[in-house]
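Protein chains: 4
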Amino acid sequence: MIFASDNWSGASERVVAALAEAARKGGPAYGADDFTKAVEKRFAELFEHEVTVFLVASGTFANLLSLSAYARPGGIVLAHREAHINVDETGGTEFMTGGSKIQALDAEQGKILPEALAAALARTSHGYHSGQLTTLSLTQLTELGAAYTIDEVAALAGMAKRAGLAVHMDGSRFANAVAALDVSPAAMTWRAGVDVLSFGGTKNGCLAAEAVVFFDPRQARDAGYVRQRAGQGFSKNWFIAAQLEAYLKDGHWLSLARHANAMGSRLATALRGSKRARLAFEPAANEIFAIMESGLEEKLSKAGAAFYPWDPECLPVAERPGAGEIMVRLLTSWQTTAAEVERFAELVG
Amino acid sequence: MIFASDNWSGASERVVAALAEAARKGGPAYGADDFTKAVEKRFAELFEHEVTVFLVASGTFANLLSLSAYARPGGIVLAHREAHINVDETGGTEFMTGGSKIQALDAEQGKILPEALAAALARTSHGYHSGQLTTLSLTQLTELGAAYTIDEVAALAGMAKRAGLAVHMDGSRFANAVAALDVSPAAMTWRAGVDVLSFGGTKNGCLAAEAVVFFDPRQARDAGYVRQRAGQGFSKNWFIAAQLEAYLKDGHWLSLARHANAMGSRLATALRGSKRARLAFEPAANEIFAIMESGLEEKLSKAGAAFYPWDPECLPVAERPGAGEIMVRLLTSWQTTAAEVERFAELVG
Amino acid sequence: MIFASDNWSGASERVVAALAEAARKGGPAYGADDFTKAVEKRFAELFEHEVTVFLVASGTFANLLSLSAYARPGGIVLAHREAHINVDETGGTEFMTGGSKIQALDAEQGKILPEALAAALARTSHGYHSGQLTTLSLTQLTELGAAYTIDEVAALAGMAKRAGLAVHMDGSRFANAVAALDVSPAAMTWRAGVDVLSFGGTKNGCLAAEAVVFFDPRQARDAGYVRQRAGQGFSKNWFIAAQLEAYLKDGHWLSLARHANAMGSRLATALRGSKRARLAFEPAANEIFAIMESGLEEKLSKAGAAFYPWDPECLPVAERPGAGEIMVRLLTSWQTTAAEVERFAELVG
Amino acid sequence: MIFASDNWSGASERVVAALAEAARKGGPAYGADDFTKAVEKRFAELFEHEVTVFLVASGTFANLLSLSAYARPGGIVLAHREAHINVDETGGTEFMTGGSKIQALDAEQGKILPEALAAALARTSHGYHSGQLTTLSLTQLTELGAAYTIDEVAALAGMAKRAGLAVHMDGSRFANAVAALDVSPAAMTWRAGVDVLSFGGTKNGCLAAEAVVFFDPRQARDAGYVRQRAGQGFSKNWFIAAQLEAYLKDGHWLSLARHANAMGSRLATALRGSKRARLAFEPAANEIFAIMESGLEEKLSKAGAAFYPWDPECLPVAERPGAGEIMVRLLTSWQTTAAEVERFAELVG
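Protein chains in written order, with the working numbering: chain B, 4 to 352; chain C, 4 to 352; chain R, 4 to 352; chain Z, 4 to 352.
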């Protein structure tokens, strides 16, 4: 019963097999290999658009590389308060983009509110002192389990771009979002105004494989240098390319995500039916937030369930856990089994 | 006939098998997994010393993480002019350590000369203007194929430490050096005064696996933050740990390196016997530098040999290629076959 | 009627005379001159403590130099949301300290609340991801015109230091605060737990003169390098030293501040008596915040009054301007005349 | 007999008077004052070109602000080994430009040789690893007392610009160079291909006043943010503007420089006639390098002469001091008196 995070999962057999195959022979270093070329072509097909792709080994660095492309002195990145870039990356954005500040916007279940964005864009600056807005960063799935609709992405991206900002999508769980909304990758990204995407593979069946996808090659001008000087321009670049090649081939990535989402859906159903626990939010895919009786969480842990408590400040005051209750986060993955979910369901009654 | 670089090699079967095994199940994220714990223990045994180990995915980042531990405002890192950190890492040291300057020292076949180090340490500074010396970085094997003897490491490290500098060893080819000198890892590092080691695995049988090994835990105080904010604190940390576990087990790493060195030795022999080519330096392990007739290199390429030209400025003026000659670098790896070397030997006549 | 900012003022005659005197002759560069030595001694006397002093030319840089001394990778600085370092320094802290993040704390009239600090210190971190708390920064006077009492400073500083944080005081208006509270500089700083002070001179009679005062020389170890590489280690360091020498001599700085505060007090009295305007906060010294009828502000501007509108978000919801009202900030300085205040008082009726 | 540096001088009476006048009244903050507007206009007239000017308080920061405008990830600045940015600014370029590396070029008396520049531009890079060339920085006067002719500047700048680099001139002693060559500021800069100039005032009669002059406003796009976040966007910006206004008015700056140069010329004449000392280089303006008998320098110091020893590595081997000789640097300034020079001449016999 591993619901701690989808990053506790292993890697899918197909991905591992592809990696083993690539590892048998090796190839020219630093991305001159065939796997890299193949996967770059595949990304262009997947997104139905010319793309410039940089393979990297972590979602954190995918975000940093994306944001670096738009960083300017005194730059400000707009994001949700609980955005991974704001609270889980050890100040990576501040350091790696050369001093950008992250300005947190109000959100609902991690989805930035248009009014909050409008207010941030409208705020009168006082000359150079207040810095310059450079980028809007949206997380899809959000950190709180919701999915922006395509219209929502387009609306926010449109506002941002009219104000001269670039639009970044942190797609650490891009696959889960695409599967949940049943839309095309193109619709979710460049057609809706996204400039650069952190395309995640690690959480959904890869070992360590992410791609930064720029939809305008000119914006990728310096990204190769940024990647190299951070030590993520790998000599054996094929170790990422081979993973992603298998991941993307024949829609494998979406099959994996659909499974994770289906398990999330079952988990949500179980929580809706529980008397000792309830959903904190309606989930869109594989991230489930629940409020449960305090004793229950201990019982679950003892029974072998792994999951994390969550700070309820992300909930409206009226919906927060009462006395004797706690909030937890539960994540399903491509590796979660129906048996795990059923066992959990029994335990939460 | 791949002599372009040892990083063109694939990965050893044992390493891949261990990775596949780890990938089947996954595990707790960010280094809380069993593979990570096991490999940390293994490093302590290997070095016969308490160590604090940080697993990372590239040699460049291993160097950056190492150097970051000693970085200070206005800091200066002493290194050989052709050190990887100086010419191959896209200004990584300058950026990732928060503005350190690299000061190049005179060297012989990449081995920093004691007199050059003494001069750098003795140079009278003018207050804050000239910055502060923080670290001496030695590369073992050097970028030009030589190996520092233990006494040489100890002498340079001693001078540096008496002047208050930390000592870093870039051991991208540490295995080849240990195999070539037939010494213990402990003797080569902390016993000789090395504070932190970039321990390479990628070039010698891994896919992407390096370790930063601190011999004094206090010096590692901030390294976890530095690694995380650069996006090299991997959720599936076991993907590196499993590689290194197999790499270190039963002396696999040294077997691989011995093979690479043996192939290098044969290649050197072939060049010594050639009428159209000669050794530029006496090689210590698997990096061979040759000077050859200009036509020969084309013939080799056509026959399928991969290798790179090299800038002869690293040679004393008297030993540089004459008219109609060029300098090239040839690298053997754990994957190089005797047949490849023999074929090459025939071609250089 | 200049109430726009105390930094619109000129410089006091004594300060200018001292500067002119110093300029006649010049002297050894980079702080080896007599003025610098004299002013360093004076600071030690003023604070009744050994101090290490770095003269700089702006309050922004004084803050950056102070915070740099405690910066660490993944570092987090706790401050009030409207702190100058957070909203008026163009991301200086993020850039110049090598990537620190500023985490905003709840406050009342700019005074950080103990509960907010306690919550920030207690928040369970998740390993390296969330970064490390390094420094608490207090602004005295606050940006909203309040003054921390000595007990308040001591309480917050005590909490911070018990948690391992350093304590910085942004004393851009330190003189106004000391004058308002009628306490000793020592009591306000190191005796209350402050580690480093940005001691302001520019707003209160100097041209461009601030001092970073460390109360523990060991913490100043790298500050000289930080100052020099930012181009604030001035060759003619005496141009700042001479200003501050005159500023500190015979209590000149406090006389100037007392005058500014007295003018602030008169302005507050006028606003208390007005029917068309009211105080937004009770001011402690020379920063006055008022809420006034919308038309009035135009009338004042036409009559030659200079002042800035202020974002009322800093007020509790219930106290914010109603329909037809706006919030403004008014600052008095050492140069403000009673006639200016009286004229203003007449206009606000 | 102060020949230690021109930055040991005081400030000219006119400059001090203008500053005192400005200080009497003060004015709108952050460059909205009349002095700033006036001086901006004056710079445009002086350079016979549209300019975007940023006033700063030190030559080091003028260089940093200039170079920041062209900095890119993995960026490389080409400069002479003894360039101030390379050896006297505490790694400022490396830090403040976000990680640029300085690559030293061969030079003659500090003047970069065309062949050295050509070699640096031609060097084949290996992908992203070697970084990207961004800027050529020329120092005029050089650090070793020579002046580039206009043709020399144009030749180097032309080569750099054809290769896509920007051209920076460190004009810390721009006035001395203009006076020595008797050319127009326009001819020396934008007409010869210079993109941005660090225009120095401090060494030649100001207290702390430098200007960064961009000749293409588009290149200055982010400079305001860079200046502000480094704490060199001064609230009382008029304190620099007033100095420079007086400095530029009626050719005062050139009168001061001509005097300094004339004193330098006399000093050179004295050295040419000496039996115990000789010129190390032919000086162009106010920087004189001499080689003297070892005892003589002590005698001079005892007699009250201030000057610094200099590392003779900047000389060709054949011209270096012999046994019993040392090399020294002597600087004259606007404040140097003929009496000082004469007394020195007597002492060197």
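Take these hints with a grain of salt, some might be off.
Derived pair list, reagent style DSS-like, types lysine-lysine, alpha-carbon separation capped at 30 Å [as the list claims (entries may be wrong)]: (1) C:LYS164 / B:LYS28; (2) C:LYS302 / B:LYS40; (3) Z:LYS44 / R:LYS44; (4) B:LYS302 / C:LYS278; (5) C:LYS302 / B:LYS28; (6) C:LYS305 / B:LYS302; (7) B:LYS40 / C:LYS305; (8) Z:LYS40 / R:LYS302; (9) R:LYS40 / Z:LYS252; (10) C:LYS44 / B:LYS302; (11) R:LYS40 / Z:LYS278; (12) Z:LYS28 / R:LYS305; (13) B:LYS278 / B:LYS305; (14) Z:LYS302 / Z:LYS278; (15) C:LYS305 / C:LYS278; (16) R:LYS40 / Z:LYS44; (17) C:LYS252 / C:LYS278; (18) Z:LYS252 / R:LYS305; (19) Z:LYS302 / R:LYS305; (20) C:LYS278 / B:LYS252; (21) Z:LYS28 / R:LYS252; (22) B:LYS305 / C:LYS40; (23) R:LYS44 / R:LYS302; (24) C:LYS40 / B:LYS44; (25) Z:LYS305 / R:LYS302; (26) C:LYS28 / B:LYS305; (27) Z:LYS164 / R:LYS44; (28) B:LYS40 / C:LYS278; (29) C:LYS252 / B:LYS305; (30) R:LYS28 / Z:LYS28; (31) B:LYS44 / B:LYS278; (32) R:LYS28 / Z:LYS164; (33) R:LYS278 / R:LYS305; (34) C:LYS278 / C:LYS302.
Example chain Z residues on the side facing chain R (calculated, C-beta under 10 Å, incomplete) [to be verified]: (35) GLY13; (36) ALA20; (37) LEU67; (38) SER304; (39) TRP313; (40) ALA342.
Worth flagging that the hints you see were computed from the coordinates, not collected in a lab. For each residue, glycine too, the CB sits at the ideal point set by N, CA and C.
Subject >> 30 Å Cα cutoff - pair LYS28 (chain R), LYS164 (chain Z) >> reply: Outside the cut-off at roughly 43 Å; violated.
**OP:** Assess, step by step, whether the Cα of LYS164 (chain Z) is no farther than 30 Å from the Cα of LYS44 (chain R), and give holds or violated.
**Re:** Distance of about 52 Å is beyond 30 Å: violated.
Original post:
Given the proposed pairing of LYS44 (chain C) with LYS302 (chain B), does the C-alpha separation stay at or below 30 Å?
Top reply: Given pair LYS44 (chain C), LYS302 (chain B) is violated - Cα atoms ~33 Å apart, limit 30 Å.
Original post:
CA of LYS278 (chain C) to CA of LYS252 (chain B), is that 30 Å or under?
Top reply: 51 Å, violated
Original post:
Going straight from one Cα to the other, do LYS28 (chain Z) and LYS305 (chain R) come out at no more than 30 Å?
Top reply: 21 Å, holds
Subject >> 30 Å Cα cutoff - pair LYS44 (chain B), LYS278 (chain B) >> reply: At roughly 51 Å apart (the allowed maximum being 30 Å), LYS278 (chain B) and LYS44 (chain B) break the hint.
Subject >> Hint consistency between LYS164 (chain C) and LYS28 (chain B) [alpha-carbon to alpha-carbon, up to 30 Å] >> reply: Roughly 43 Å separates the two Cα atoms, so the pair is violated.
Subject >> Given pair status - LYS28 (chain Z), LYS28 (chain R), alpha carbons within 30 Å >> reply: Given pair LYS28 (chain R), LYS28 (chain Z) holds - Cα atoms ~26 Å apart, limit 30 Å.
Original post:
For the pair supplied as a hint, LYS40 (chain B) and LYS278 (chain C), is the alpha-carbon distance within the 30 Å limit?
Top reply: Given that 30 Å is the threshold and the Cα spacing comes to 40 Å, the pair is violated.
Subject >> Hinted pair LYS278 (chain B) and LYS305 (chain B), Cα distance within 30 Å >> reply: Status holds; Cα separation ~20 Å.
Original post:
Holds or violated: are the alpha carbons of LYS302 (chain Z) and LYS305 (chain R) at most 30 Å from each other?
Top reply: At roughly 69 Å apart (the allowed maximum being 30 Å), LYS305 (chain R) and LYS302 (chain Z) break the hint.
Original post:
Is LYS40 (chain R) within 30 Å of LYS278 (chain Z), Cα to Cα?
Top reply: 40 Å, violated
Of the hints listed earlier, those the structure fails to meet are numbers 1, 3, 4, 6, 9, 10, 11, 16, 17, 18, 19, 20, 23, 24, 25, 27, 28, 29, 31, 32, 38, 39 and 40, in rising order.
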